[in-house]
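Peer 1: These protein sequence lines are chains A and B, in that order. With the numbering used here as the guide, the letters of the first sequence map in order to residues 2 to 254. With the numbering used here as the guide, the letters of the second sequence map in order to residues 2 to 254.
By construction, these hints were calculated from the structure, which means they are not laboratory data. There is no bait here: all hints are sound.
Since the list gives no way to pick out one identical chain from another, each pair is judged satisfied if it fits inside one copy or across any two copies.
Cross-link-like lysine-lysine pairs, in silico, DSS-like; alpha carbons within 30 Å at most: (1) 175 to 113; (2) 113 to 208; (3) 225 to 138; (4) 113 to 192; (5) 225 to 121; (6) 121 to 136; (7) 225 to 247; (8) 247 to 208.
Note that the structure is predicted; figures quoted are calculated from it, not measured.
Residues per chain are reported as follows:
Number of protein chains: 2
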Amino acid sequence: MLTSVLIGTGNVASHLFDAFMDADNIGVQQVFGRNTMALEKFSKHALTTTKSSEIIDADVYIIAVSDDAIEEVSKIVLNKEGIIAHTSGSVPMNVIQHSNSGVFYPLQTFTKGKKVDFSKIPICIEARHDNHLEKLKTFAQNVSTAVYEISSEQREKLHIAAVFANNFSNHLFKLAEELCQSEDLPFEILKPLIYETTHKLKHLSPKAAQTGPARRNDIQTMQKHLDGLENPVHKKIYQLLSESIKSNHEEEL
Amino acid sequence: MLTSVLIGTGNVASHLFDAFMDADNIGVQQVFGRNTMALEKFSKHALTTTKSSEIIDADVYIIAVSDDAIEEVSKIVLNKEGIIAHTSGSVPMNVIQHSNSGVFYPLQTFTKGKKVDFSKIPICIEARHDNHLEKLKTFAQNVSTAVYEISSEQREKLHIAAVFANNFSNHLFKLAEELCQSEDLPFEILKPLIYETTHKLKHLSPKAAQTGPARRNDIQTMQKHLDGLENPVHKKIYQLLSESIKSNHEEEL
Numbered sequence: 002m003l004t005s006v007l008i009g010t011g012n013v014a015s016h017l018f019d020a021f022m023d024a025d026n027i028g029v030q031q032v033f034g035r036n037t038m039a040l041e042k043f044s045k046h047a048l049t050t051t052k053s054s055e056i057i058d059a060d061v062y063i064i065a066v067s068d069d070a071i072e073e074v075s076k077i078v079l080n081k082e083g084i085i086a087h088t089s090g091s092v093p094m095n096v097i098q099h100s101n102s103g104v105f106y107p108l109q110t111f112t113k114g115k116k117v118d119f120s121k122i123p124i125c126i127e128a129r130h131d132n133h134l135e136k137l138k139t140f141a142q143n144v145s146t147a148v149y150e151i152s153s154e155q156r157e158k159l160h161i162a163a164v165f166a167n168n169f170s171n172h173l174f175k176l177a178e179e180l181c182q183s184e185d186l187p188f189e190i191l192k193p194l195i196y197e198t199t200h201k202l203k204h205l206s207p208k209a210a211q212t213g214p215a216r217r218n219d220i221q222t223m224q225k226h227l228d229g230l231e232n233p234v235h236k237k238i239y240q241l242l243s244e245s246i247k248s249n250h251e252e253e254l
Numbered sequence: 002m003l004t005s006v007l008i009g010t011g012n013v014a015s016h017l018f019d020a021f022m023d024a025d026n027i028g029v030q031q032v033f034g035r036n037t038m039a040l041e042k043f044s045k046h047a048l049t050t051t052k053s054s055e056i057i058d059a060d061v062y063i064i065a066v067s068d069d070a071i072e073e074v075s076k077i078v079l080n081k082e083g084i085i086a087h088t089s090g091s092v093p094m095n096v097i098q099h100s101n102s103g104v105f106y107p108l109q110t111f112t113k114g115k116k117v118d119f120s121k122i123p124i125c126i127e128a129r130h131d132n133h134l135e136k137l138k139t140f141a142q143n144v145s146t147a148v149y150e151i152s153s154e155q156r157e158k159l160h161i162a163a164v165f166a167n168n169f170s171n172h173l174f175k176l177a178e179e180l181c182q183s184e185d186l187p188f189e190i191l192k193p194l195i196y197e198t199t200h201k202l203k204h205l206s207p208k209a210a211q212t213g214p215a216r217r218n219d220i221q222t223m224q225k226h227l228d229g230l231e232n233p234v235h236k237k238i239y240q241l242l243s244e245s246i247k248s249n250h251e252e253e254l
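Turn these sequences into a full structure, and let the hints guide you.
Peer 2: The structure is reproduced here in structure tokens:
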């Protein structure tokens, strides 16, 4: 069994803790956090501490704190021999100034209180040394079937891609909801369409799945839509994304 | 039983035909189209014709042709007494110049050859007269449990909302795929995130589900992402959508 210490008590830390506890061959021996209250929920299943001097030895230290705190927080375990891995999509591995540094980045959006099935969540791992990479891989494979070796450079692009795929598409759902509300229509009416939009990707590439007036270069409908949009930001988004779709399908027109 | 004639032989017509054939108390008596080849797939289960003079009497005529053909095509049944309903999201009901005009708009994205479960697809109906609206409602309720009475004005906004929710979000998936490819990463790695993005909407509003650097106004990460984007269109989209998210969450910052 691989042993671990979890550093951090927030949303990602909570989800990782649950996943590690459910996994067969890994254990969370201890959780470190500065806030006693936040540590409480972990204390039933693991040791907890607010003192860095009390942190125990483990194979892997998982740092699940906010991006800008990683470097500072990693210093409390720099005297340890285990792998020290952060969980961020956008922070390079080398901010952890230790030859045992690594990354254990679960590529998913975590909602507080909503348990997720980790078995299919891609886990992107990185380590300075091959033997650490192997150990981190074993660790990750106990949690998920989708483990990828990803460099810091690749991870940076992947994180941007995740922003487009998740943050931005979710925001478009928000704007669609606003448009419904402006006509007293329930957002519910759009949900089957939204679910089908992502379901399609099981069988089709996003390019093949593309439909709508911009793909057809249906100028009349696009102009009618632009006239129908009152909010200037909505108009700008409509124009920019339509232009981008058009240029992606130019060879078909 | 309510009888119907389907006018049109394309992708939407095919999906509607299947749905009508599966429904209990409605029948498709005939399919009209200009193309003999395209009519073939319908001919096993219904009469077909290429001659407008041969169109039979029915309770409902469903016009499933491209938006700009609706007005012209509707003229071939203007001598009929049944309801004449088009299936478009963005065309006003009154382009059909008949007191029996109506709309039967299924709010979904239809992929050729991929059968969909119509029972949950929202169907937006509209008619000039109350008794026609009632009949169209009965017709629609035989196909789906989600039937909405929607005016042409509402439908126009709803169609724009659908473009944001489906066309534009799908395009963001395309851009995310491009970013993956630029680093030799498989698009597969993003799919669990994409599925979770829409799955979240079963429990949360899009606003509550929003995460990411723009929501946190994490200027450092956003700048790093912008620096990491090479394509100027990607940069513009990143900026515009991030600004829009920020202004949506200003009160939290």
